[in-house]
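Residue numbers (the UniProt record's numbering), protein chains in the order written: chain A, 1 to 328; chain B, 1 to 125.
These are calculated hints, taken from the structure and not from any lab test.
The reader is advised that the hints may include incorrect statements.
Claimed, not checked - Mimicking BS3-like on lysine-lysine, the simulated pairs with C-alpha atoms at most 25 Å apart in a straight line are:
#, chain 1, residue 1, chain 2, residue 2
1, A, 25, B, 12
2, A, 146, A, 55
3, B, 85, A, 114
4, B, 118, B, 12
5, B, 12, A, 114
6, B, 85, B, 118
7, A, 274, B, 57
8, A, 114, A, 25
9, A, 274, B, 118
10, A, 114, A, 146
11, B, 12, B, 85
Claimed, not checked - The calculated label-pair distances, taken between Cβ atoms and stated as ranges, are:
#, chain 1, residue 1, chain 2, residue 2, range
12, A, 299, B, 42, 47 to 53 Å
13, B, 56, A, 22, 55 to 61 Å
14, B, 74, A, 270, 53 to 59 Å
Computed from a prediction, not measured in an experiment: that's the story for all the values here.
Glycine included, C-beta positions come from ideal geometry on N, C-alpha and C.
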Amino acid sequence: MIETELSRSVQRWCKGATGVTGAAKLSGGASQETWRFDIVHPDGPIGAILRRSPKGYGAAPTRAAGLAAEAQLMQLAFEVGVPSPRVMHVLTAEDDLGTGFIMQRVEGETIARKILRDEEFAAARPLLARQIGGILAGLHRLPQDKLPELRSRGATQEISEFERDYRSLNWPKPVFELALRWLRDHDPGPSVETTLVHGDFRNGNLIIGPDGVRAVLDWELAHLGDPMEDLGWVCVNSWRFGEIDKPVGGFGSREELFAGYAAAGRKVDAARVKFWEVMGTLRWGIMCGGMMQRFREGPDHSMERAMIGRRASETEIDLLRLLAPRGS
Amino acid sequence: MQDEPTPVELTKSVADFLRSDITPLISGHQAFKLRVAINILDLVTRQLTQEEGSAAKEVERLRALLGIDGSVTELNRVLAERIAKGEVDLATPGLAEHLWVTTMDKLAVDQPNYASYKRELGRNP
Numbered sequence: 001m002i003e004t005e006l007s008r009s010v011q012r013w014c015k016g017a018t019g020v021t022g023a024a025k026l027s028g029g030a031s032q033e034t035w036r037f038d039i040v041h042p043d044g045p046i047g048a049i050l051r052r053s054p055k056g057y058g059a060a061p062t063r064a065a066g067l068a069a070e071a072q073l074m075q076l077a078f079e080v081g082v083p084s085p086r087v088m089h090v091l092t093a094e095d096d097l098g099t100g101f102i103m104q105r106v107e108g109e110t111i112a113r114k115i116l117r118d119e120e121f122a123a124a125r126p127l128l129a130r131q132i133g134g135i136l137a138g139l140h141r142l143p144q145d146k147l148p149e150l151r152s153r154g155a156t157q158e159i160s161e162f163e164r165d166y167r168s169l170n171w172p173k174p175v176f177e178l179a180l181r182w183l184r185d186h187d188p189g190p191s192v193e194t195t196l197v198h199g200d201f202r203n204g205n206l207i208i209g210p211d212g213v214r215a216v217l218d219w220e221l222a223h224l225g226d227p228m229e230d231l232g233w234v235c236v237n238s239w240r241f242g243e244i245d246k247p248v249g250g251f252g253s254r255e256e257l258f259a260g261y262a263a264a265g266r267k268v269d270a271a272r273v274k275f276w277e278v279m280g281t282l283r284w285g286i287m288c289g290g291m292m293q294r295f296r297e298g299p300d301h302s303m304e305r306a307m308i309g310r311r312a313s314e315t316e317i318d319l320l321r322l323l324a325p326r327g328s
Numbered sequence: 001m002q003d004e005p006t007p008v009e010l011t012k013s014v015a016d017f018l019r020s021d022i023t024p025l026i027s028g029h030q031a032f033k034l035r036v037a038i039n040i041l042d043l044v045t046r047q048l049t050q051e052e053g054s055a056a057k058e059v060e061r062l063r064a065l066l067g068i069d070g071s072v073t074e075l076n077r078v079l080a081e082r083i084a085k086g087e088v089d090l091a092t093p094g095l096a097e098h099l100w101v102t103t104m105d106k107l108a109v110d111q112p113n114y115a116s117y118k119r120e121l122g123r124n125p
C-alpha cells in the first residue's frame with residue numbers, strides 16, 4: 001500500500017507529521033500517476049498531491065521535460081507569484097516511491113465543462129481571459145538563469161516535427177496537408193525573444209475557484225521558445241468545450257487575453273498567436289491519430305482511446321474554419 | 001444476400017438495451033465507460049447508415065478534382081500528395097468546397113454534437 005511509503009516519507013521532511021491518510025489515485029497511465037492524500041499533522045491535516053513515475057518507469061517520453069524539471073518550474077512559478085502549488089518535497093531514492101514530487105493540494109475545479117457551466121464560477125468566468133493574459137505574462141518572465149534544462153523549440157522545428165509525426169501515422173488527410181502547407185507558408189521564423197513556454201496552458205490544466213485561476217498545472221511540456229505559442233494554444237477550439245465564440249478557453253475574447261498580457265508589460269504579436277492556434281489545432285488532431293495508432297497496435301486497447309481517434313475530424317473542421325472560412 | 005435484421009437494426013438494439021436497462025444499474029468509472037460504449041455503438045450505427053452514400057459522392061468529387069479513377073482511399077492519398085507538393089491548393093476550383101463537404105460528412109458520423117459542426121450546419125454554404 002502506497003500509504004506506508006508516504007507515511008515514512010512525510011515524517012522525514014514535514015516537521016510534526018505523523019503519517020498520511022486517504023491516499024487515492026486521481027489519474028495515471030503506465031508511466032505517470034497522480035495521487036491525493038492528507039498529511040496527518042497536530043495542527044490539522046495538510047492536503048497534498050503526489051506526482052510520480054513508479055519504479056521502473058523513470059525515462060520520460062521525448063517531448064516531456066521530466067518530473068524533476070516540472071517540480072522546479074512549479075516552485076519557481078510559486079515564488080514569483082504565478083498561481084502554482086507549492087512544491088513540498090522532491091522524491092529521493094530513500095522514499096522508495098519512484099521519481100517525482102509532492103506538492104501542496106490546491107482546492108478548486110479543473111473539469112472544463114463544470115467551470116464553463118456551473119453557477120459557482122459564473123462571477124469568475126468573465127474575468128478569466130484577462131487574468132490568463134496576466135498569468136502568461138508572469139510565466140514568460142520567469143528568470144531564465146534559474147530554469148532547469150529544457151528543450152528549445154521554434155516554429156520551424158515544430159512544423160517539421162509535427163509533419164514527421166503525421167507522416168509516421170500513414171493516415172492521408174487532405175485537410176492536415178493543407179494545414180501543413182499553410183504553416184510552412186506562414187512560418188514566422190525565430191521569435192524576437194525566447195522565453196519559457198508552458199506548452200500545455202489550457203482550460204483543463206488550470207485549477208479554478210470562484211475567485212479565478214488558483215494554480216497552473218501540467219508543466220511537463222515546458223520548453224524554451226516563442227511566448228506567443230502559449231497564447232495560441234489556449235485559444236485552440238478544442239479547449240473551448242462548446243463555447244466556440246469565446247476563443248480563450250471558452251471564457252472570453254482574444255482582446256481581453258491580449259489586454260491582460262499587455263497590462264502586465266508584455267507585447268502581443270497577434271499574427272504569431274494565430275499561427276500557433278493553427279499549429280495547436282493540427283497538433284491536437286495529430287495526437288488523436290496517435291491515440292488511434294496506440295489503440296490499434298499498443299497494449300492499451302481501451303474504448304476511450306479508440307473514440308479519441310474519431311475526434312480528429314473535429315480538428316479538421318476547426319482547421320477549415322481557420323483557413324478556408326465560409327460566408328455567413 | 002444476408003438475412004435480416006440488418007446490422008444497423010442489430011447494433012441499435014444493443015445500444016438501446018445498454019442505455020435503458022444497464023445504465024441505471026451502474027455508477028462511477030464503469031458508468032463512464034458504459035457511456036463511451038454506447039457512444040461507440042451510436043457512431044457505428046450512423047456510419048452504417050450514412051457511409052455508402054457519402055463515400056460514393058466523395059469519390060465522384062475526387063475523380064472530377066484529380067482527373068483519375070480509384071477507390072476512396074487511393075484518391076484521398078493522391079489528393080493529400082498533391083496538396084503536399086503544392087500542385088493543388090485553396091485557389092484550385094472545387095478544393096475548398098470538396099474539403100468542406102467531406103469534413104461535414106465525417107462530423108455527421110463522428111461527432112454530430114460538436115459545436116463547430118452545428119454552427120456550420122446552420123450556414124448556407
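Verification of the hints:
no.	hint	verdict
1	A:25 with B:12	36 Å, violated
2	A:146 with A:55	28 Å, violated
3	B:85 with A:114	44 Å, violated
4	B:118 with B:12	24 Å, holds
5	B:12 with A:114	31 Å, violated
6	B:85 with B:118	33 Å, violated
7	A:274 with B:57	34 Å, violated
8	A:114 with A:25	21 Å, holds
9	A:274 with B:118	23 Å, holds
10	A:114 with A:146	36 Å, violated
11	B:12 with B:85	43 Å, violated
12	A:299 with B:42: 47 to 53 Å	27 Å, violated
13	B:56 with A:22: 55 to 61 Å	58 Å, holds
14	B:74 with A:270: 53 to 59 Å	41 Å, violated
Checked against the numbered hints given earlier, the structure breaks hints 1, 2, 3, 5, 6, 7, 10, 11, 12, 14 and satisfies all the rest.
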